[in-house]
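> So the protein lines, in turn, are chains A and B.
Position 184 of the first sequence, counted from 1, bears residue number 184 in the numbering used here, the numbering being contiguous throughout.
Position 219 of the second sequence, counted from 1, bears residue number 219 in the numbering used here, the numbering being contiguous throughout.
Among the hints, erroneous ones may be present.
Cut-off 27 Å, straight-line C-alpha distance, at most; resulting in silico cross-link-like pairs (BS3-like, lysine-lysine) [as the list claims (entries may be wrong)]:
| no. | chain 1 | residue 1 | chain 2 | residue 2 |
| --- | --- | --- | --- | --- |
| 1 | B | LYS38 | B | LYS271 |
| 2 | B | LYS314 | B | LYS299 |
| 3 | B | LYS367 | A | LYS63 |
| 4 | B | LYS489 | B | LYS505 |
| 5 | A | LYS73 | B | LYS463 |
| 6 | B | LYS306 | B | LYS367 |
| 7 | B | LYS306 | A | LYS60 |
| 8 | B | LYS489 | B | LYS474 |
| 9 | A | LYS60 | A | LYS77 |
| 10 | B | LYS463 | B | LYS420 |
| 11 | B | LYS463 | B | LYS474 |
| 12 | A | LYS63 | B | LYS306 |
Treat the hints as calculated values from the structure; they're not laboratory data.
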Amino acid sequence: MGQIEWAMWANEQALASGLILITGGIVATAGQFTQWYFGAYSIFSVAGVFVCLLEYPRGKRRKGSTMERCGQKYMTKVVKLFGPLSRNYYVRAFLHLGLSVPAGFLLATILGTACLAIASGIYLLAATRGEQWTPIESKPKERPQVGGTIKQPPSNPPPRPPAEARKKPSEEQDEAAGAGVSSGPQENPIPVTDEVV
Amino acid sequence: MANCLLNHWLSVLVLVMWLGLNVFLFVNAFLSYEKGDKYYYTREILGSALAWARASARCLNFNSMLILFPMCRNLLSFLRGTCSFCRRTLRKQLDHNLTFHKLVAYMICLHTAIHIVAHLFNFERYDRSRQSTDGSLASVLSSLSHQEKEGDSWLNPMQTTNMTVIYMTLTSIPGFTGVIITIVLVLMVTSSMEFIRRSYFEVFWYTHHIFIIYFIGLGIHGIGGIVRGQTEESIKENHPYRCAEFFEKWDDHDFHCKSPQFEGNSAESWKWILAPGVLYFFERILRLYRSQQQVMITKVVMHPSKVLELQMIKRGFSMEVGQYIFVNCPSISYLEWHPFTLTSAPEEDFFSIHVRAAGDWTENLIKAFEQQNSPIPKIEVDGPFGTASEDVFQYEVAMLIGAGIGVTPFASILKSIWYKFQHADHNLKTQTAGHAALNFDKATDILTGLKHKTFFGRPMWDKEFSTIATIHPKSVVGVFLCGPQALEKCLRKCCHQYSSLDPRKTQFYFNKENF
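Construct the entire structure; sequences and hints are all you get.
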């Protein structure tokens, strides 16, 4: 459990809550429910929209690559502008808690309140563990090199010891997720000849 | 194209049947509440929102019933085994259980949204007609209260003018359970997003178990009888078509129409979810029982690139190529079970898995086995599961492409082919198997005795395909992939490009096996 970044889940939860708030606000306004003016449109849809926009850009994971949401780079720029206010998860936790309270007075948005409050709680947990929002910067696209990774075959015949034992520098592959099925010589259950029939 | 359709016709059929049933149940419930005489007076207050809420509720019951079945993997294995005479395409359908589970979950989310919106309108309308003093039929109906001498004649659950909708929601059983199970549903969905699942599996795994709260809440949700319709006897005395317009006269003793009487619908969700709930409960008991059987670890090999190989024996264990097992290590985590493809061949007297460090649990497992001085950690195994990958053996020429840890299923297949060669198995059509290994830092000779090519670095697929097409004209080549999506796109393209309808040339058939 040590490597969990709670902020990532809090982000999903907050985004979902934002959408629920917007939906509740629209239903209450369209249905002209009692006290819809209580903020159905102004607060909840606005709060919902605000939460969605804030949460849309996914933060960068501490380890490994992060999948960006589609088109998030525009919002990343905006969210970055707020500096420590958007980086710090304590700020987000209390902001979401504050935004969720007015929605609790209208039935149509009460679900949004509950979900956003939970997201706020998870953000608080993330903040206590020192997590931070880092923007995902786009890297310049590398041209794919066809055949670029093919190097010289080894000079000594099999059986060959594994790369670590060999003195010459082994090839640097990106994502070298080698699943070596056997290390070194294979123990064949039945003696084997060179040629196959 | 024909091959594609042939492989997927059953999936399409299952989907069409499922969607069809959903539509049928929805429309059926909708019409019964929208047109039924029993709910005429209820509709006076609520309008169409009643029918929308009930129809989506019916679909919610149906889908909540279905959602547990794909998760009973031991039951699915049993079905697979008993249907061994069935065509393999039929049995392979059972491998898509997770996809079906997700589809049903999306449908539950959709219907939850419809159900909630409809009930928001319902509560609002009940509130409004309770507050109104315009003497309309709706307000008269709303004023029928619990205190009426002639039994349960109330229709509007909001009995006093001070009661707010929020109070009503949070203090009634349906309202309160509804809010709880919706929150639970939202939490389950957000923690199951692919990004969270792949990166932080434990969050998904543990959070998903709150489905128990969902099912219990769903079972209780209908208690309270808030959805009310006219009783049978009341319809005889006060048929809506005859009496509705004369509602001001209902209180007159001589008038032929009496006040209508209502009864609440009883809870019906439990009828839908009881069977799958019990089945799933037995599934978990069975998993527990199977996991208690002793697993003996016969060999531990630490490979480069942090890959651990475990060779094990378990009494009564029999496998086929391409199957997978679930592994649990109580010293790391009591509750977590993780799937691994079997890398040994069925002909061997042990079964093995290769584990790559890809997260908390796997890293801890590798660390636990690396320690020389402490005793070997106990392992529990459940399985094997999955449809055997027999397709490979049906092709004269098979190209097996595995990326990274994706070579594991092919290890099993290739070893099995090797054993079949040795035992001169005549059922084996495969004459040649070519194998490309990606991103290795050394040569891997999995099997000597089979012609194979060994590459260093990323192969140039165009060259590979054209070479194979030249070497094996007039043959059907099966291309099998276990690896990332990007590679799948590339290989599919190559298959189309180098296949030819001309029988004198080669045909490539792409198979993305479900490993």
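> So, for every hint listed, does it hold in this structure?
Against the structure, the hints come out as follows:
1. Under the criterion of a C-alpha separation no larger than 27 Å, the hint pairing B:LYS38 with B:LYS271 is consistent with the structure, at around 23 Å.
2. At roughly 13 Å between alpha-carbon atoms, B:LYS314 and B:LYS299 fall within 27 Å of each other, so this suggested pair holds.
3. Taking the CA atoms of B:LYS367 and A:LYS63, the gap is about 19 Å. The hint holds against a cut of 27 Å.
4. About 23 Å separates the Cα atoms of B:LYS489 and B:LYS505, which keeps this hinted pair within 27 Å; it holds.
5. A distance of roughly 38 Å separates the Cα atoms of A:LYS73 and B:LYS463; the hinted pair therefore is violated under the 27 Å criterion.
6. For a cut-off of 27 Å, the pair hint linking B:LYS306 to B:LYS367 stands: about 10 Å separates their Cα positions.
7. Of the supplied pair hints, the one linking B:LYS306 and A:LYS60 holds, its CA atoms being roughly 25 Å apart against a limit of 27 Å.
8. Proximity of B:LYS489 to B:LYS474 is assessed by CA-CA distance (about 25 Å); at most 27 Å being required, the pair is judged to hold.
9. At most 27 Å may separate the alpha-carbon atoms for a hinted pair to count; A:LYS60 and A:LYS77 meet this at roughly 14 Å.
10. In summary, the hint linking B:LYS463 to B:LYS420 is not supported, as the alpha carbons are separated by about 30 Å, beyond the 27 Å threshold.
11. Only pairs whose Cα atoms come within 27 Å are accepted, and B:LYS463 paired with B:LYS474 is accepted, the gap being roughly 19 Å.
12. Note on A:LYS63 and B:LYS306: the hinted pairing holds, with a Cα-Cα distance of about 17 Å set against a maximum of 27 Å.
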